[in-house]
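**Q** Chains as they are written, first to last, in this note's numbering: chain S, 1 to 494; chain H, 1001 to 1494.
Hint data in this document are derived by calculation from the structure and do not stem from the laboratory.
Glycine is no exception: its CB is placed at the ideal position from the N, C-alpha and C atoms.
A hint or two may mislead.
[Stated by the list, open to error] Facing chain H, from chain S, some residues (calculated, C-beta under 7 Å): (1) Val-33; (2) Glu-66; (3) Tyr-100; (4) Ala-104; (5) Leu-133; (6) Ile-221; (7) Thr-335; (8) Phe-338; (9) Pro-440.
[Said to hold, decoys possible] Quick list of in silico lysine-lysine cross-link-like pairs, DSS-like style, CA-CA up to 27 Å: (10) S:Lys-36 - S:Lys-448; (11) S:Lys-268 - S:Lys-213; (12) S:Lys-342 - H:Lys-1437; (13) S:Lys-425 - H:Lys-1342; (14) H:Lys-1425 - H:Lys-1398; (15) H:Lys-1398 - S:Lys-292.
Number of protein chains: 2
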Amino acid sequence: MEPTTGDLTDPLINHADGQLFLHEAFKIIVEDVLCKGTDVKEKVCEWREPEELARLLDLELREKGEPQENLLQRVRDVAKYSIKTSHPRFFNQQFAGVDYHSLAGRFLSEALNTNLFTYEVAPVFVLMEAEVLRGLRALVGWTEGDGLFCPGGSTSNMYAMNLARYRLYPEVKSQGLRSLPQLTVFTSPESHYSVKKGAAFMGFGMDNVILVKVDDGGRMIPEDLDEKIELSKSQGAVPFLVSCTSGTTVQGAFDPLDLIADVCDKHKLWLHVDAAWGGSVLFSKKHSHLMKGVHRANSVAWNPHKMLVAGLQCSVLLLKDTTDLLKKCHCANATYLFQQDKFYDVNLDIGDKSVQCSRKVDCLKLWLMWKAVGSAGLEQRVDKAFLHARYVVDQMKKREGFQLLGDPQFVNVCFWFIPPSLRGKEKNADYQNKLAKVAPVIKERMMKQGTMMVGYQPLGDRVNFFRITILSPLVSQKDMDFFLDEIERLGNDL
Amino acid sequence: MEPTTGDLTDPLINHADGQLFLHEAFKIIVEDVLCKGTDVKEKVCEWREPEELARLLDLELREKGEPQENLLQRVRDVAKYSIKTSHPRFFNQQFAGVDYHSLAGRFLSEALNTNLFTYEVAPVFVLMEAEVLRGLRALVGWTEGDGLFCPGGSTSNMYAMNLARYRLYPEVKSQGLRSLPQLTVFTSPESHYSVKKGAAFMGFGMDNVILVKVDDGGRMIPEDLDEKIELSKSQGAVPFLVSCTSGTTVQGAFDPLDLIADVCDKHKLWLHVDAAWGGSVLFSKKHSHLMKGVHRANSVAWNPHKMLVAGLQCSVLLLKDTTDLLKKCHCANATYLFQQDKFYDVNLDIGDKSVQCSRKVDCLKLWLMWKAVGSAGLEQRVDKAFLHARYVVDQMKKREGFQLLGDPQFVNVCFWFIPPSLRGKEKNADYQNKLAKVAPVIKERMMKQGTMMVGYQPLGDRVNFFRITILSPLVSQKDMDFFLDEIERLGNDL
Ligand SMILES: Cc1ncc(COP(=O)(O)O)c(C=O)c1O
Ligand SMILES: Cc1ncc(COP(=O)(O)O)c(C=O)c1O
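Isolated chain S (complex conformation) (with noise of 0.2 Å):
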């Protein structure tokens, strides 16, 4: 090292400039993206090609610093170019809408800008993860356990592959997967694409994710399992995780968790629920039944980033387990971090619960949220989406041209549109192949349009259709209805 020189009096920031900057932003975001971001008048997307766009932002990174006018010129720009997933009329993800306390919360985590692995840098988050945790747990219907808020759904699953495996083979975690017998993982076609990418990472092999058959709705189904868990078996494999799905990405169906329960029981198998996309129905007392048996399961997967609106990334894994597996499973004992000679109870450092080292606070947006408007606020917004979807597919039926899947059981609803050149020709050889041009052609327009957003995709057999997922608490009836004639005009002369 090179001796002391240079000028160490003054920090290289300056707070009342920097806060000035803060301040101008604030009112920025406040003004673009939270008012004319969730605007019925204004535009879900302003649809420029990628080479204009990059022009248009003029991205690159340069040496000098710039202007504190063009930095707020800069995230006007942001604002402008960037879709405004809170409008009321972006339909396109599971996610949509915005909720004003958890966004207060997603702020005050930003500039609290600490990590949760230690009760040392983090005492708040700490003692509040776990009432989070506690909280869903209940939901659930287990009054013990364990959990994490992860940085997605997909990483949960991992993890519930990992414990699954751990609490077979303990010695996985020293000695690896070479020594272990092939394992077989099952879950359905229709299950979050997260589970066979969890498998390929974590040395499984996407081969060894089985694919159980489901009904018309896209539900799992338990005699099929049985089989298929039966076959593995005699092929010399050991079975020893079932992934159900509590509302699928696409059609938003929900495995039959007691059913499945008892297969699992039978052959003594990890039972996981993937609920990243339905675990909010545990609010409604209405709609809870379609997660009848979850109680039963080993893990849980959920992710109130998506229906509960807390904002990208919340999500969580629940766990019934009470015997410390997840820290067992996972622990590295670095000494660094989790002192064991430490003033004050060391179980309260839950970093080494975690493949991951740095970990964000994703428990407040929620806490706060949950706060302010009650478990009984987020069961109405859950029950209010229900009747968002019913009534769509109710305008659907009334209307011609709206074609659905099937009857939804969940917030999303899949529905071709017909359009008139198209009406009364099922029986022609290319039908199907003109029906699935369909979808692409009406969302370019909406996106070039900006009128809104939705999505579409094919699933099996059937060809492109959309998926509108109702969820945000921010629309109302003349939203469906715009949907609805939107998709006509934009489709009618097809």
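Here the structure of chain S is known, so what remains is to put chain H with the ligands in place on it, guided by the hints.
**A** Chain H with the ligands alone, transformed into the frame defined by chain S:
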């Protein structure tokens, strides 16, 4: 589904009320977190025993919501009892300080609440992430390549392992590890624990992480690496990855990359550089020599949320690869998200490169900060942190009672405080035992008085010592002086 009932005319959230709350919360954040929280006349922490803190915070989640005034008081309470990580006397972790441009970027990301998987929902951020990764890769010395923002350095380290094994055995993705030979990873005992955690999580097993000897400063010894690789081969294993560290967590050591790259070349191993902590030296013309040879690596993990003060989480994986390995290794081709018949170039839909599905926008905060101060501004911060560390070291040498572990290579300064009662007693049989107890007591006192925060740990046979990490652009020389005085004040009677 039941029929439509209930009132669907009004949304459940009122924007005016919500924005009013957000304004009030913003004021509290500025006042309590950013002003008081960075004021040296205020405490770094308000220590409370967990039971008392839980009572003060009233964490319980209830059926009914609360009035706005209550909620604002909760915002105040969370701020009050949280650690002030931006305070100039917070030296406890590898993050500290606040950058207002980054913070504005974080607020904007939170308000825009989108997901980095497709161009469709994140047009600005798909392009921006690519540009930031390009800028960081340029510092590594790569004009081409690939990369991804990850939820932390631990995750990036895991990705590197997955890519390295996939390059060697692409069939691992479908078939898993069972049919492969025993795979071994090489790293130093001073590397971050995430290498071991990753090896367990990904099915290699921790025992297959082979520890290479380090010199006194904590740097990996290339000759020992070569020998350990040969030994592992002779035992029938297949060495496949070396994980070097640029800036070890405790000592801040930089492994000699050029020499290690030679060994990797010889054995055709993937060279991963964990520069989560030290990567920021690449901004500095003066100090980038510490990572000489980094361009020869296959992958680099780097956390701008640490030394660059970008805010948690901000972490990248950088790759030299130009063959789309990242996507090939991780893709699952989910048709509901990555439709191939979109109206724009679907290569912009980068989500399938990741094992996450939802992925937070972590690039904006870094981009805006970089735009604000330029590469030159970031260089200045890095250089200044080195100067501060040098200053502290110089002062310690002048003061009785401070004993350095060694001459720091980086901004970690590791030292024992030897209280007067122990000075000159180095030969006593119980000296090490007594010395080991000093740091925990000083730590307890500083936390309870709230005057500052710094961490301690043992390392190998070296008993508890303090590690101060100096990185915040908010500190100045008087904070360093305060630090030294305060350690003396707290420890002189021990
Ligand atoms: C059923 C289901 N499981 C898991 C996930 C993945 O969650 P995340 O995006 O948080 O990784 C999703 C979200 O897309 C989902 O719909
Ligand atoms: C050298 C090193 N590598 C990796 C990590 C892990 O990074 P993260 O905390 O983002 O997972 C750390 C941080 O603690 C580190 O110091």
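**Q** Would you mind marking each hint as holding or not holding in the structure?
**A** Results of checking the hints against the structure:
Interface restraint check for Val-33 of chain S: the shortest CB-CB distance to chain H comes to about 4 Å, inside 7 Å, so the restraint holds. Here the hint on Glu-66 of chain S is kept, as its CB sits about 6 Å from the closest CB of chain H, short of 7 Å. Because the beta carbon of Tyr-100 of chain S sits about 3 Å from the nearest beta carbon in chain H, less than 7 Å, this interface hint is met. Checking Ala-104 of chain S against chain H by beta carbon gives a least distance of about 4 Å; that is within 7 Å, so the hint holds.
A hinted interface residue such as Leu-133 of chain S counts as satisfied when its beta carbon comes closer than 7 Å to some beta carbon of chain H; here the least separation is about 11 Å, so the hint is violated. For Ile-221 of chain S, the interface hint is violated, the least distance from its beta-carbon to any beta-carbon of chain H being 21 Å, above 7 Å. Hint status for Thr-335 of chain S relative to chain H: holds, with the closest Cβ pair at about 5 Å, below 7 Å. With 7 Å as the threshold, the beta carbon of Phe-338 of chain S stays out of range of chain H, its nearest partner Cβ sitting at about 9 Å, so the hint is violated.
Look at Pro-440 of chain S: its Cβ gets to within about 5 Å of chain H, closer than 7 Å, so that hint holds up. For the hint pairing Lys-36 of chain S with Lys-448 of chain S, the CA-to-CA distance comes to about 18 Å; that is within 27 Å, so the pair holds. Between Lys-268 of chain S and Lys-213 of chain S the alpha-carbon distance is near 21 Å, which keeps this suggested pair within the 27 Å criterion. Of the pairs offered as hints, the one joining Lys-342 of chain S and Lys-1437 of chain H holds, with about 10 Å between alpha carbons and a cut-off of 27 Å not exceeded.
At most 27 Å may separate the alpha-carbon atoms for a hinted pair to count; Lys-425 of chain S and Lys-1342 of chain H meet this at roughly 25 Å. Under the criterion of a C-alpha separation no larger than 27 Å, the hint pairing Lys-1425 of chain H with Lys-1398 of chain H is consistent with the structure, at around 20 Å. Taking the CA atoms of Lys-1398 of chain H and Lys-292 of chain S, the gap is near 70 Å; set against the 27 Å cutoff, the hint is violated.
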